[in-house]
Amino acid sequence: MSLWLYFWLLLKGSLFSMSGLGNVPSVHADLTARGWATERQFAEALAVGQVAPGPNGLWVISLGYLTAGGRGAGLALLAITLPPLLVLAVERLYRRVRHHPAVEGFVRGLGLAAVGIFFWVLLGLLRTAGLTPRSLLITLAALGLGATRRVPAIVILALAALAGVIVR
Amino acid sequence: MDDLAARRRRSSQAPFRPSLFHLGRVWLGIGWQSFGGGASTFALIERAVVRERGWLTEAEYVHDVALAQLSPGINLLGLTILIGRRLGGVGGIFVSLLGLLLPSVTITVLMTAAYARLQHLPAVQSALRGVIPATVGLGLLTAANLARALLAAARREGRMSLCFSLILLAGSGLVLALWHPPVILVLCGAGLLGAVAGRGRGKTA
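One line per chain: the protein sequences are V and H, in this order.
Numbering-wise, the first sequence is residues 13 to 180 according to the working numbering.
Numbering-wise, the second sequence is residues 178 to 382 according to the working numbering.
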């Protein structure tokens, strides 16, 4: 595994995303195609990202650790910290092109595509857990509990872990 | 007292700058409490720098939040960078990022390391059979919220714009599933289509 390429793939994912999970589709495609990460490692890293404090975007650090150890985690940290610094350039530019319709359109198109692809990636992850009635039920339950905004993600995941252990 | 002093400073013209040490400590506090990700952390930041200390006005904060949405990568980091610069220049950016990330990154790595050690235990395996579907469920919720925000903006512009957005949303996933092009290509393509459509709207409006 070339660490430079590895770093660049993580950096690229982050550069072309507008949110912490926006890089999932790109990083997923790039790393699994090279056999540098498995579907399962993605699912695990995303789960850690949901449970741990901080932005959910830190899931990449967990993936870095799972796929390339401490070095991977360090590179992942760098790859997600550098792109947001561009906000300083965006701020300067923004004063001039703020209301330009093409700029708004580009940002929205990018966001829509990222969400559309994200749905497919999630379905792929679900397959790794097995498309059983039980896992579908847990998915729906987590979705429902999350939608109430009353139950913290960490509680939902703890309940799901419990369900995984108890329900056979 | 902190609050009062800050308010007095805010009413004068010179922007207030806390010491870098103080700034880092405040962000460290936010970092420790930032369980639950995005929305709750935005609320923590607002309380810490706007309502409790008055380091930023509400208007400045809202401006920074809007810009952070446009920054590449994690929006929360974009916001941290903007506020850090306001309050302490380049050094402010550094200590703010450090403070926010130090606790959460450390815990993320420790949790992953613990998981990597324990993953072969049967109990961990069966817990994971519950956790993965739940992660997907929470992810679907995130995706649905993002989609709703984007589609709401399109709906305000009329039916054409809404239909176009729905096609981009569904089409990009479909194109990827059918032909497996590079993801970046799909993202940039959708962005360009959006830009063209946006320009079209700008002309007719």
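Please keep in mind that the hints were generated in silico from the structure rather than gathered at the bench.
In this text, a Cβ means the ideal position worked out from N, Cα and C, and glycines have one as well.
Warning: the hint list may mix true and false statements.
[To be verified] Part of the chain H face toward chain V, derived, beta carbon under 8 Å:
hint	residue
1	A290
2	Y292
3	L353
[Said to hold, decoys possible] Some residues of chain H that are not near chain V, with every Cβ distance over 12 Å (derived):
hint	residue
4	L197
5	F198
6	V227
7	T234
Right, here's what the structure says about each hint:
no., hint, in the structure
1, A290, "holds (7 Å)"
2, Y292, "holds (7 Å)"
3, L353, "holds (6 Å)"
4, L197, "holds (18 Å)"
5, F198, "holds (21 Å)"
6, V227, "holds (19 Å)"
7, T234, "holds (17 Å)"
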